[in-house]
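Novice: Dock chain B with the ligand against the given chain A, drawing on the hints supplied.
Residue numbers (this note's numbering), protein chains in the order written: chain A, 1 to 225; chain B, 1001 to 1127.
Hints are computed from structural coordinates only; laboratory data are not their basis. Beta carbons: idealized from backbone N, C-alpha and C, even for Gly. Careful, some of the hints might be misleading.
Claimed, not checked - Chain B is nowhere near these chain A residues, computed Cβ spacing over 10 Å in every case:
#1 Ile-125
#2 Asp-129
#3 Glu-221
As the list claims (entries may be wrong) - Pairs of lysine-lysine, BS3-like flavour, derived with a Cα cap of 30 Å:
#4 Lys-1082/B with Lys-14/A
#5 Lys-99/A with Lys-22/A
#6 Lys-207/A with Lys-218/A
#7 Lys-1058/B with Lys-14/A
#8 Lys-152/A with Lys-106/A
#9 Lys-59/A with Lys-180/A
#10 Lys-22/A with Lys-196/A
#11 Lys-1083/B with Lys-99/A
#12 Lys-1082/B with Lys-152/A
#13 Lys-51/A with Lys-196/A
#14 Lys-25/A with Lys-152/A
#15 Lys-158/A with Lys-1058/B
#16 Lys-152/A with Lys-29/A
#17 Lys-99/A with Lys-14/A
#18 Lys-80/A with Lys-14/A
#19 Lys-218/A with Lys-103/A
#20 Lys-59/A with Lys-196/A
#21 Lys-14/A with Lys-196/A
#22 Lys-14/A with Lys-29/A
#23 Lys-1083/B with Lys-152/A
#24 Lys-1083/B with Lys-59/A
#25 Lys-51/A with Lys-25/A
#26 Lys-218/A with Lys-25/A
#27 Lys-196/A with Lys-18/A
#28 Lys-1083/B with Lys-14/A
#29 Lys-1082/B with Lys-158/A
#30 Lys-80/A with Lys-152/A
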Amino acid sequence: MLMHVINVGHDVLKANDKLAAKNQKLLDKNGVLAINFMGAIGSGKTTIIEKTVENLGDKYRLAVIAGDVIADMDAGRIAKLGVTTIPVNTGRECHLDAKLVEKALKSIDLADVDILLMENVGNLICPADYKLGEHLRVVVVSVTEGDDIVLKHPMIFKHTDIAIIHKKDLAEAVFASAEKMEADARHLNPDIPVLKTSIHDAQSMDKWFSTISSMADKCRENRKD
Amino acid sequence: MHEYSLACEIMDNVISIAEENAAKGVNSITVGVGRLTHVNPDQIMFCLETLREDNVSKGAQIIINEIYPEMQCECGFCEDGKKLCFVDDEIIDDIRTFLDVQCPQCGQTMHASGGHELVIESIDIEQ
Ligand SMILES: [Zn+2]
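Chain A with its partners taken away, still in its complex shape:
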């Protein structure tokens, strides 16, 4: 009987990163700005995506990939706004991964899209480990999750591009401080832009819309014709 040790060295997570890079290349070729929305259940991801579609729908061609563990309720909410919406059921998975996104991209006409919004599955843990091919990682947390939510999930804040602290108008009612959450996010990621938003404060939402508009414009300029 022969024993034999095989050195494998295959990194399962890096395999996802490679696929994500491939997705990004495809998006770049089509001048699409792709945004990965991560955040807990009930943080307001779907609402922010709805508002984004409503606000930017006239100026940009939008598409949405809506990840959900089983149902396609969020996808239904967004599709009602008349935008291309691909529901992705992740099954027993707790996150979107590059493979699921690669598949979803096949059913979108990317030449016809300026901004792709990807709603991740509602949790602050697993999505942190998986790149999808996005240009922008956005974490959405709300004050109603408790103002220690940022410090409880350091990795996702460390590896994100924008933090949105949502439902700021409810802070007092739930004894939370949006300012503490902002400070915690900056502590973990010093240069990160932090937006404190509420759908009842139009100005705060406008800041978000203009942030991604200017990014989408840049992507469009870079589009390879």
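Specialist: Chain B with the ligand only, in chain A's frame:
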């Protein structure tokens, strides 16, 4: 829980490597888990032990190595991240351990390099 699907992926890889090498059985599977991933070593162990039952890897020993990041400072100072994880021989099971470390030489915040891997390091087969 993403450990189950990761374990499935690891097992698929192990089985195909075993087949490529005409293995009669697999004695052990060694997996490295980065301390900065959200992969729980105990859970991945449990999932792999569950999955090894009906295939060439039946009965294989599962070995999990935790991979620690290297802590680096702009001033050039480096330290093995593993050192940060033990207080009186007791392991601190917290990802935050690596995120807010001051350099003992110059006081700047140190940067964790590595620790994001989930790697099938080796498999020990019987031919
Ligand atoms: Zn230093």
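Novice: Is it true that the CA of Lys-1082/B sits at most 30 Å from the CA of Lys-158/A?
Specialist: Answer holds: Lys-1082/B to Lys-158/A is near 20 Å, not above 30 Å.
Novice: Is Lys-80/A close enough to Lys-152/A, meaning Cα to Cα at most 30 Å?
Specialist: violated, 35 Å
Novice: Is Lys-196/A close enough to Lys-18/A, meaning Cα to Cα at most 30 Å?
Specialist: Between Lys-196/A and Lys-18/A the Cα gap is close to 33 Å, so the pair fails against 30 Å, i.e. violated.
Novice: Sort out whether Lys-14/A lies within 30 Å of Lys-80/A, counting only the CA atoms.
Specialist: violated, 36 Å
Novice: What's the verdict on Lys-22/A and Lys-196/A, does the C-alpha distance respect the 30 Å limit or exceed it?
Specialist: violated, 33 Å
Novice: Within a Cα-Cα threshold of 30 Å, do Lys-207/A and Lys-218/A meet the stated pairing?
Specialist: holds, 17 Å
Novice: Hey, is Asp-129/A genuinely clear of chain B, shortest beta carbon separation above 10 Å?
Specialist: Per Cβ check, Asp-129/A is inside 10 Å of chain B; nearest 5 Å; violated.
Novice: Ile-125/A clear of chain B by more than 10 Å, beta carbon to beta carbon?
Specialist: violated, 5 Å
Novice: Are Lys-51/A and Lys-25/A close enough, with their CA atoms no more than 30 Å apart?
Specialist: Holds, because 28 Å separates the two Cα atoms, which is no more than 30 Å.
Novice: Verify the proposed pairing of Lys-14/A with Lys-29/A, using a straight-line Cα cut of 30 Å.
Specialist: Roughly 23 Å separates the two Cα atoms, so the pair holds.
Novice: So if I understand the rule, the pair passes when the alpha-carbon distance is 30 Å or less; does Lys-1082/B with Lys-14/A pass?
Specialist: It holds: about 22 Å lies between the C-alpha atoms, which stays within 30 Å.
Novice: Does Lys-1058/B sit within 30 Å of Lys-158/A, going by the straight-line distance between their CA atoms?
Specialist: Judged against 30 Å, a Cα distance of about 40 Å means the pair is violated.
Taken one by one, the earlier hints fail for this structure at numbers 1, 2, 8, 9, 10, 11, 14, 15, 16, 18, 21, 24, 27 and 30, listed in ascending order.
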